[in-house]
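Peer 1: Chains as they are written, first to last, in the working numbering: chain Z, 27 to 361; chain A, 27 to 361.
Hints are not guaranteed to be accurate.
Intra- or inter-copy, both count: the list cannot distinguish identical chains.
Straight-line distance between alpha carbons at most 20 Å, and here's what the computed EDC-like set of lysine to aspartate or glutamate pairs gives [said to hold, decoys possible]:
1) 205 to 87
2) 262 to 233
3) 262 to 87
4) 51 to 115
5) 70 to 225
6) 152 to 170
7) 89 to 233
8) 70 to 170
Please keep in mind that the hints were generated in silico from the structure rather than gathered at the bench.
Each chain, written out:
Protein chains: 2
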Amino acid sequence: MGGDAGPGVVIAALGRSVLRHPTAKFILHGDETQLAPLVAKHAKLGPRVAIRHTAEQVRMEDKPSIVLRRGRNTSMWRAIESVKNKEAEVAISAGNTGALMAMSMFQLGVLEGISRPAIAAIWPTKRGQSVVLDVGANVSSDAEQLVDFAVMGEAFARAILGLERPSVGLLNVGSEDVKGHDSVKSAANILRNASLPIEFHGFVEGDDIAEGTVDVVVTDGFTGNIALKTAEGTAKMFVGFLRAALTRSLLGRIGGLLASGALKALRRKFDPRSANGGIFLGLNGIVVKSHGGTDAMGFASALDMAVDMAQSGIIARIVADRAHLGHAVPEAAAS
Amino acid sequence: MGGDAGPGVVIAALGRSVLRHPTAKFILHGDETQLAPLVAKHAKLGPRVAIRHTAEQVRMEDKPSIVLRRGRNTSMWRAIESVKNKEAEVAISAGNTGALMAMSMFQLGVLEGISRPAIAAIWPTKRGQSVVLDVGANVSSDAEQLVDFAVMGEAFARAILGLERPSVGLLNVGSEDVKGHDSVKSAANILRNASLPIEFHGFVEGDDIAEGTVDVVVTDGFTGNIALKTAEGTAKMFVGFLRAALTRSLLGRIGGLLASGALKALRRKFDPRSANGGIFLGLNGIVVKSHGGTDAMGFASALDMAVDMAQSGIIARIVADRAHLGHAVPEAAAS
Numbered sequence: 027m028g029g030d031a032g033p034g035v036v037i038a039a040l041g042r043s044v045l046r047h048p049t050a051k052f053i054l055h056g057d058e059t060q061l062a063p064l065v066a067k068h069a070k071l072g073p074r075v076a077i078r079h080t081a082e083q084v085r086m087e088d089k090p091s092i093v094l095r096r097g098r099n100t101s102m103w104r105a106i107e108s109v110k111n112k113e114a115e116v117a118i119s120a121g122n123t124g125a126l127m128a129m130s131m132f133q134l135g136v137l138e139g140i141s142r143p144a145i146a147a148i149w150p151t152k153r154g155q156s157v158v159l160d161v162g163a164n165v166s167s168d169a170e171q172l173v174d175f176a177v178m179g180e181a182f183a184r185a186i187l188g189l190e191r192p193s194v195g196l197l198n199v200g201s202e203d204v205k206g207h208d209s210v211k212s213a214a215n216i217l218r219n220a221s222l223p224i225e226f227h228g229f230v231e232g233d234d235i236a237e238g239t240v241d242v243v244v245t246d247g248f249t250g251n252i253a254l255k256t257a258e259g260t261a262k263m264f265v266g267f268l269r270a271a272l273t274r275s276l277l278g279r280i281g282g283l284l285a286s287g288a289l290k291a292l293r294r295k296f297d298p299r300s301a302n303g304g305i306f307l308g309l310n311g312i313v314v315k316s317h318g319g320t321d322a323m324g325f326a327s328a329l330d331m332a333v334d335m336a337q338s339g340i341i342a343r344i345v346a347d348r349a350h351l352g353h354a355v356p357e358a359a360a361s
Numbered sequence: 027m028g029g030d031a032g033p034g035v036v037i038a039a040l041g042r043s044v045l046r047h048p049t050a051k052f053i054l055h056g057d058e059t060q061l062a063p064l065v066a067k068h069a070k071l072g073p074r075v076a077i078r079h080t081a082e083q084v085r086m087e088d089k090p091s092i093v094l095r096r097g098r099n100t101s102m103w104r105a106i107e108s109v110k111n112k113e114a115e116v117a118i119s120a121g122n123t124g125a126l127m128a129m130s131m132f133q134l135g136v137l138e139g140i141s142r143p144a145i146a147a148i149w150p151t152k153r154g155q156s157v158v159l160d161v162g163a164n165v166s167s168d169a170e171q172l173v174d175f176a177v178m179g180e181a182f183a184r185a186i187l188g189l190e191r192p193s194v195g196l197l198n199v200g201s202e203d204v205k206g207h208d209s210v211k212s213a214a215n216i217l218r219n220a221s222l223p224i225e226f227h228g229f230v231e232g233d234d235i236a237e238g239t240v241d242v243v244v245t246d247g248f249t250g251n252i253a254l255k256t257a258e259g260t261a262k263m264f265v266g267f268l269r270a271a272l273t274r275s276l277l278g279r280i281g282g283l284l285a286s287g288a289l290k291a292l293r294r295k296f297d298p299r300s301a302n303g304g305i306f307l308g309l310n311g312i313v314v315k316s317h318g319g320t321d322a323m324g325f326a327s328a329l330d331m332a333v334d335m336a337q338s339g340i341i342a343r344i345v346a347d348r349a350h351l352g353h354a355v356p357e358a359a360a361s
């Protein structure tokens, strides 16, 4: 049981989650001497939670390559193992992202036809929500990987966001065909020509993400990670300045009080906790990563996502879509 | 005279600028039949503005390679030419960025020792302002180019932001040394080992930009462009939601009215017009690009930046810093 905040946050989140999902059951991997007293405090948790003891855990600073070899007794390894063994339908962790991805790839394996897994993030937009991927699983991505991300993101948007025909855009520095990396341009060619059940919009730019121009934004993990954190930083700065503006003067304070209901809704929209969790796509099993620094509300949203994912049949969708693309790629790539 | 908004915006901006910069003189390149009546409307402009007639202009959709060959009579070409001929100290345009960069490189040339020019942007942060580069001149950048960007950004921060010893960070997907592209890792090695007068902070992440962790954020033009537009999109969405929150309910409206002074300051902070302009660095002459879709206030900020640049001696600083680095790079790169 990892994460900066420790098991207290996870148990408090479970307290919320058992009410929201009355049929879900939970396996907690971690130090029983810590976990048992915390679980005992919530009367409703007892019958729904099983504790599996292990004293070891992956630390935030551990290198993925090291924990892959020596981390088999960690709570993170065991949580993923319970998905591999079909004991659990989804693993969730607030720990070390690199270690979680490495262990998930090792134990669960990558889906047939998918070259690399990706981490997807749900992004608040003017129109509602979009999904952006990859936000950090890969440092760079070739055209075929970007096409895989499009397939996975589109399946996710249908399964989880409930969209019938999500639109897909490739993140680029301009909407014209002449601009951008070669990998982005070739991926666009493949997506444009393939007879895929994908609504391919073409290129989108950074400001199109918040605009909600498309439902699925595809990019490499370096660019996606930086875009995600840049947006989070901008939103955090904005909330900070807003708070300062509404406390500095007497009129500002009175105005802020009167408008507090409206402003609370605004803060909720931008609260990273409400769309918490990186979703690992492309694995033969479901793994959700919660923000390390989140609180019980944030971890509970990640649990909501995990439950939705488990009920969605998303893995079968990705496999089917990718198999369909199997025929389309060589043709289009050759043209 | 390009830009989506046309010459009316530029002349209105000049009307503000002649008051702010009482010794500055302006040359307007464009269609005299359009420009002369507009200039005539402002009594103060007459003695400070010279019109150079040309009917041709670069359009937003023109390809840089085409206008380089056929665009010698355009207002954009002539504006840069007036810098080349030392008639003007700086060229400013709200037109096609790619064409402006191509023509500037062709006519002014790249500074000795600099491998590629970059476009720098001023970024509002929690602590004040930072400079981020490259935000779009290059699609990808090797380690040496990133080091050049660090030198140019640092010189800009000293000359224009008035910082004595600006700190420099390399944008990456993690602060650990093991993560990120090879180019970013090698650039960090060079900057760390070189005996440069640069305060090198190391890697920064996307959220560090708004946090103001460093004064100069260095990245490739693909990532920088997407980060910049993602932040602009996020800020725009936030302002939109704030406006909606404060108009939806009666209490929200009253609160918004009472707090309007405080909120106006907030909007000003996030107004892209107040830090308008991409600054072309690394050329043997100063060129400033204003946002295409800006208004008179936005174009006037770009003019302010242009005047500051002209008075800063920044080109001499970049040449001196880069020459100093000339000794440092091969040593460090070999280690």
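Peer 1: Compare the structure with each hint and give your call.
Peer 2: For each hint, the structure was consulted:
1. Taking the closest pair of Cα atoms, residue 205 and residue 87 come within 20 Å of each other only across two copies (12 Å); inside a single copy the shortest separation is 38 Å, beyond that limit.
2. In this assembly of identical chains, the alpha carbons of residue 262 and residue 233 lie at most 20 Å apart whether taken from the same copy (17 Å) or from different copies (9 Å).
3. When the C-alpha separation of residue 262 and residue 87 is checked against a cutoff of 20 Å, the pair qualifies neither within a copy, at 25 Å, nor between copies, at 36 Å.
4. With identical chains, the CA atoms of residue 51 and residue 115 are at most 20 Å apart within one copy only, with a shortest distance of 10 Å there and 71 Å across copies.
5. In the homo-oligomer, the alpha carbons of residue 70 and residue 225 never lie at most 20 Å apart, since the shortest distance is 45 Å inside one protomer and 55 Å across protomers.
6. Taking the closest pair of Cα atoms, residue 152 and residue 170 never come within 20 Å of each other, the shortest separation being 30 Å inside a single copy and 39 Å across copies.
7. Neither within a single protomer nor between protomers do residue 89 and residue 233 lie at most 20 Å apart by alpha-carbon distance, with minima of 34 Å and 23 Å respectively.
8. In this assembly of identical chains, the alpha carbons of residue 70 and residue 170 never lie at most 20 Å apart, being 47 Å within a copy and 60 Å across copies at closest.
Hint compliance for this structure: hints 3, 5, 6, 7 and 8 are not met, and every other hint is.
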